[in-house]
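**Student:** Next come the chains, spelled out residue by residue.
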Amino acid sequence: MVTLLTDFGDTDSYVAVVKATILKIDPHVNIIDLTHQVSAQNIIEGAFILGTAWQSFPIGTIHMAIVDPGVGTERKALLLEGNGHIFLAPDNGILSFVIPEDKTRNCLLAQYIADVPKGYTARVLNNENYWLKYTSSTFHARDIFAPTAGHLANGVPPEKLGEIVTSITRFSIIQPSWDNDVLVGKVIHIDHFGNVITTIPNYLLEDNDSVTVFIANNHIERLSLTYGTGTGLIALTGSHGYLEIAIRNGNAAKTLNIKVKDLVKVRRKI
Amino acid sequence: MVTLLTDFGDTDSYVAVVKATILKIDPHVNIIDLTHQVSAQNIIEGAFILGTAWQSFPIGTIHMAIVDPGVGTERKALLLEGNGHIFLAPDNGILSFVIPEDKTRNCLLAQYIADVPKGYTARVLNNENYWLKYTSSTFHARDIFAPTAGHLANGVPPEKLGEIVTSITRFSIIQPSWDNDVLVGKVIHIDHFGNVITTIPNYLLEDNDSVTVFIANNHIERLSLTYGTGTGLIALTGSHGYLEIAIRNGNAAKTLNIKVKDLVKVRRKI
Amino acid sequence: MVTLLTDFGDTDSYVAVVKATILKIDPHVNIIDLTHQVSAQNIIEGAFILGTAWQSFPIGTIHMAIVDPGVGTERKALLLEGNGHIFLAPDNGILSFVIPEDKTRNCLLAQYIADVPKGYTARVLNNENYWLKYTSSTFHARDIFAPTAGHLANGVPPEKLGEIVTSITRFSIIQPSWDNDVLVGKVIHIDHFGNVITTIPNYLLEDNDSVTVFIANNHIERLSLTYGTGTGLIALTGSHGYLEIAIRNGNAAKTLNIKVKDLVKVRRKI
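If you're matching them up, the sequences are chains H, V and B in order. Numbers 1 to 270, taken from this note's numbering, label the letters of the first sequence in order. Numbers 1 to 270, taken from this note's numbering, label the letters of the second sequence in order. Numbers 1 to 270, taken from this note's numbering, label the letters of the third sequence in order.
Okay, chain H solo, but in the shape it has when bound (with noise of 0.2 angstroms):
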């Protein structure tokens, strides 16, 4: 099985051209679109979205992750392999949310080199054989990403495709936690409804009833469970597995205005 995300849009025929690449290759490959509408060159986005889908996917899926406004240039093309899963991306901080961090930076989403962990392996894409014959500069996830999924599909195994590298460029990603009784996040991503989803994980949220949020000058008291409990402003422990802010059959990110990186603050009674 092999995963696309990318953010190529549906009005052209990119997508459809690296499906047939990859279709050339392995043509009993199942092919699943992630999401093809990611921001134009919005590489944080698409690791956010990476992260919040890959781990539902079986073990041996290959995800092709392609926000690449660095296409031709010397990013590397990379192969990453971890948990079983394979990752097909430009080394520009998109495979942020399948790796964790070994240590805790102090800004949220700041992009900087770091070591690739235990567990997983990192290869360059630098084996020419295993790409289209004629290769653009401006088109890679078509003449490098795509023949190297059908490859894999193929069986072809990643230490034919390239060599092992030690590190990969990444953002980091601050994981809160209680000072005393409060607790500060960020907004990482707004949906299609307009839920507001936060850096703030569930697990640090156990009981629902002691706490106040505080998003964009408003307050929430207590979590709800549900999308339809509450009225107004509610805010819940959502299915990505963090702190989500919504409105019951509203768009809570619209109506406050809210964006990416904005603050949320969380306070418990002790």
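Simulated from the structure, these hints should not be mistaken for laboratory data. Hints may be right or wrong, so weigh each one.
A pair counts as met if it fits within one copy or between any two copies, since identical chains are not told apart.
Said to hold, decoys possible - DSS-like cross-link-like pairs, simulated, lysine-lysine; straight-line CA separation at most 30 angstroms: (1) K160 x K24; (2) K118 x K24; (3) K133 x K118; (4) K160 x K133; (5) K259 x K118; (6) K118 x K265; (7) K24 x K133; (8) K265 x K186.
Could you slot chains V and B onto chain H? The hints should help.
**Tutor:** The following block gives chains V and B in isolation, referenced to the frame of chain H:
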């Protein structure tokens, strides 16, 4: 074969996660998207689109229809069998265009509790053995409906998945009929082209030449046979089985500012 | 394998109904979406996108290309064979980028009736035995083209589906050429990123350093190799095979207000 209809949009990984969950249980199932662009929480729109599509699929198809603002509340998760197809959906009226009504209501699209008609079997999905191990209260498409679809595709019979219920939630669909020389209906859907689909079934409009259609302070003499005949505003018996209003190479709904539930009148010369 | 290109959008069930109809006849066919977001009734846009994609698919692929404002009128339903691929489309010019022109016209994208060139075979789909039993005059993608695709995939030979025709409708595509040190082309497509694709083929632009590109009152010195090099406005030989104008991490078409059919000029130093 499994079809998916949701209001999840295409910018997040929700749809992909549902597909991954089905394919983990049955890797050989063929999943077809009906649409994921139902307006957020618009159950009636989802119901109509499902109603235009399911009959084109082969006997034995499993249709997941998830527009579910009440997810996690006491609304039931349903499995409906009828006409050789299986439908998985929240019990909120989204199956209204799949099941015939036993009596005509006098208000279009009013919600009520109806008996499950003869020839149909409805069940509540309450056997947790066929759900995901950990079930959220916000994403039952992933946690309950998708695994159910996977197990059904794998051959698990419906009777193992839940107990029979005898009534379901639905919306009333007025069947218009001739009152002397006048037929009154309403707008039920605006399609991608701005074509206006009404509740007036084609079979009431056998004689194209004798009718005048009134909508939004306009009238249209005679029905056209195709979108490419006539100029300006045209009316025709559409491919969904209902009277449609269109503009050749244009967007009728935008041009005339027509909305769902607007009145349509047809007069015939006798 | 069957590909689909339409202007049906993704909010209705039209695409799903077409797929269901194909799969009812051949359940094993692999259906790939090219795009369903061609602007409504924009035959030329559909023609260009089809032209950018079909060659990436394996020999034997069946391509359905349905932008069909004349559905139900006297326009023919075509089956075209050529280069080992099969195309199903209304006879309205949507195959213009698939078939070479036998002579150059002097007006870009003018519609005319052309002879079917050597090596290509065109047929009119007039054998009703291979259509749906009941055929509407508004949805031939479902009623004629989809069942035809299904039967072809099942092994029915083209000669059973309709009679040969010797001419088809097409749009002229001017092939620009150097006039001393000047090359004049036009904008043929704006992609999802706002990249501006022109009619000037890459092979006319071998020497990157010597050219200046003029568009929308701007000029660009030299061609760039990638989207990530240079700043501001850049020009490069694109992955479609044509000269492209782009802005690094930006939307060139919006920024410069460029539209399809706008002029592009290239000057070289000799």
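**Student:** Each hint needs a verdict: does it hold in this structure or not?
**Tutor:** Hint-by-hint comparison with the structure:
1. K160 x K24: Cα proximity of K160 and K24: in one copy and across copies (20 angstroms, 28 angstroms).
2. K118 x K24: Result: close only across copies, 27 angstroms inter versus 35 angstroms intra.
3. K133 x K118: Between. Shortest inter-copy distance 29 angstroms satisfies the 30 angstroms Cα cut-off; intra-copy 35 angstroms does not.
4. K160 x K133: So K160 and K133 pass the 30 angstroms test inside one copy only (17 angstroms; across, 38 angstroms).
5. K259 x K118: neither (34 angstroms within a copy, 51 angstroms between copies)
6. K118 x K265: neither (33 angstroms within a copy, 54 angstroms between copies)
7. K24 x K133: within (14 angstroms within a copy, 35 angstroms between copies)
8. K265 x K186: This pair counts as within: shortest intra-copy Cα distance 8 angstroms, inter-copy 48 angstroms.
The structure fails to meet hints 5 and 6 from the earlier list, while all remaining hints are met.
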